[in-house]
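*Asks:* Chains as they are written, first to last, in my numbering: chain A, 1 to 181; chain B, 182 to 366.
Take the hints with a grain of salt, since some may be wrong.
Straight-line alpha carbon distances no greater than 27 Å define the calculated DSS-like cross-link-like pairs of lysine-lysine that follow [to be verified]: (1) A:K154 / A:K52; (2) B:K211 / A:K30; (3) B:K233 / A:K154; (4) B:K214 / B:K233; (5) A:K52 / B:K233; (6) B:K320 / A:K154; (7) B:K339 / B:K233.
Worth flagging that the hints you see were computed from the coordinates, not collected in a lab.
Predicted model only: the values in this text are computed from it and were never measured.
Now for the letters of each chain:
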Amino acid sequence: MGKISQLPPDSSPSADDYTVTVDSSTNQTKKVRLSDLVTSVVNQMSSTAITKRTLLFDNAGGIDTQTIGTTFTDTTWWTEKTFSTTGGDIVIHVALTYFASNANNCYFRLVIDGSTYSPSSTGWAQYNNETSSHRLTARTLLLTGLSSGSHTIKLQMRATSGNVYKDTNDYLNLLLVEYIH
Amino acid sequence: MVKITTLNQDILPTGDDYTITLDVGSSSTKKVKLSDLTSLIVNTIPKNTITKRTLVMNEIATTDQTITTTFQNVANWTGTFTSYGGTVYFHTNFTMWRQTVVDINIIRLRIDDLYVTPPDIYGYGTGVSMPINELSSHKLFSTIFTIDNLPAGFHTVKMQARTNSGNVRFDTNDYINMVAIEYVH
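Bound-form chain B, shown alone (with noise of 0.2 Å):
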């Protein structure tokens, strides 16, 4: 960690503004300069303490799987995080098909089977919809799931899917990617 006695000390200052400091090393005040002070401050600051960053799911394959009107898992796709309380954005890359008509398909993200966004306020099976108009061709679903007032600490997120009629498919392959930034300021 960088400390306040790496700072120079300036007896007569002229061209900036200046604070006064306690080093500790000398147990003496001394002038600084505020821009050295500033990127002492700013080298201080922990990694992850602004914003955190997680690799929530790496390439996972599913399986063959055939959901239909309700809400389901999807099968292996889920992984952990831990949250400092911020606001979380889930980047989320993955591919789907259809097998047998034309309609939307809807995901969304359970959060520690308490939570899902986006939220459904009433009930209705809310998510985010992607429409696939060719049967038998795996499509990329590329979206950022958000959440706030998330309670810190340990989650577990599950990506689940629905259809409006007749069936979402899923195999092996069709692939998942999800990276979580965390803005904790």
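Just chain A, same shape as in the assembly (with noise of 0.2 Å):
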């Protein structure tokens, strides 16, 4: 933590603006330079006080195999999460594998609070022409209007037709980044 005691004191101010503080180990005030102070304060700004960051799946491998139909439904083993705020605008990074029965579209949304979609109910949705062939998606998302507090996240996913599934060899990352200022 930075401290009044270690800025420099400058009795002769002139080209610069100055402030004054009280040095308590001394128990005196003195004269200090606002840049210096302004340091001070910036040093002793915790590490979450501009910009939050939860990593809540790091590139997590599955470990069963989820076949999943025509119906949001919730991914198994990448379960739900919990996560804290200030009440600032989350950006989401997310990125995983899948792969599905049926040439055509798979939506995947983020569920929080249980009744809160990201980036929307409908989710967003990712083309597959070739069946049973493993495919990336990744979005990133922007989240605003959450409340301060201890919030619930998890991915749900569906088909258009026929099945998406997911099994030992899709990985899931999902990163929260939360803006506050």
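Both chains come to you apart, so use the hints to assemble them.
*Replies:* Okay, here's the thing in structure tokens:
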């Protein structure tokens, strides 16, 4: 932590702006440069004062095989996680692989607190031409208006026709970055 | 907004360094902990003044389109944002496909019809390249476009594409999502 006692005093300020501080090690007031004081203030800020980073899934491989039809369904193994915010905007970086039985669109969405969807309740679409072929899908999503406190998040997916699958060769990466200011 | 009047006054500082503030609520100076003042300053910073986040394109589908060797706007894939003049990173994800021959697809972002990123310094049609080997297969393109020194104010962005040979295709099953994060400070 930066301390005022570490700031160099200047008894004859001339070209720069100065401010008066109290050095409790000497119990005396002293003039210090505003730029030095600002640097001290910035150095005292916590690492999550401006942005807060939460890695929920770190290239998490699956341990099971899951078959999902045409209705949005929670993913197993990549199950619901909890995170906390201080009310800022959340930028969600999500990437995963999957495969499908039919040549068609598959849909993906994130569910926050059971009723808020990102990017929407429809989700995002990824078209699959090759069946039974692992494919990558990825999004950077912006989630605003989330209240300060603890929240849950989970991944759901569905197929347009046939099934969408994940197995032990599929991976999920999910990173939340909260921008507080 | 948090005010200095909320900071605790300490007449006899002992363990921490202190600074003097003017509490206009009582018209008197008072000594406060620098750490308390720091927290107050941080909490007073308005939202979107350090970084600014904008959802520029939200899962927008394009239309049937064939683009050859000259940069063209991808239909419907345009959006707007307002900047403070900082560095802007455009987090971009979309799909596209090829129909006839295997080759490289080249993508760029056009801003206000004045700037492109990545910059085409020599006029060779530079962009971000992505080869596609499988024909008639929608492929995900994921990148971050960057632009510096953009004037503060309102801006329009358009996604553009071209290829070295044959054509690059888009249809109603291709979607784009773009989030701009501007780093103001």
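*Asks:* Need the status of pair K211 of chain B, K30 of chain A: alpha-carbon distance at most 27 Å?
*Replies:* With Cα atoms ~15 Å apart, K211 of chain B and K30 of chain A stay inside 27 Å; holds.
*Asks:* Has the given pair, K339 of chain B with K233 of chain B, been kept, meaning a C-alpha gap of at most 27 Å?
*Replies:* Given that 27 Å is the threshold and the Cα spacing comes to 20 Å, the pair holds.
*Asks:* Has the given pair, K154 of chain A with K52 of chain A, been kept, meaning a C-alpha gap of at most 27 Å?
*Replies:* 19 Å, holds
*Asks:* Do the alpha carbons of K214 of chain B and K233 of chain B lie within 27 Å of each other, as the hint requires?
*Replies:* 31 Å, violated
*Asks:* Quickly compare the C-alpha distance for K52 of chain A and K233 of chain B to 27 Å and report which way the hint goes.
*Replies:* Holds - the C-alpha atoms of K233 of chain B and K52 of chain A are around 15 Å apart, at most 27 Å.
*Asks:* Please work out if K233 of chain B and K154 of chain A have their alpha carbons no farther apart than 27 Å.
*Replies:* 26 Å, holds
*Asks:* Between K320 of chain B and K154 of chain A, is the straight-line Cα distance small enough, at 27 Å or below?
*Replies:* 25 Å, holds
The structure shown violates just one earlier hint, number 4.
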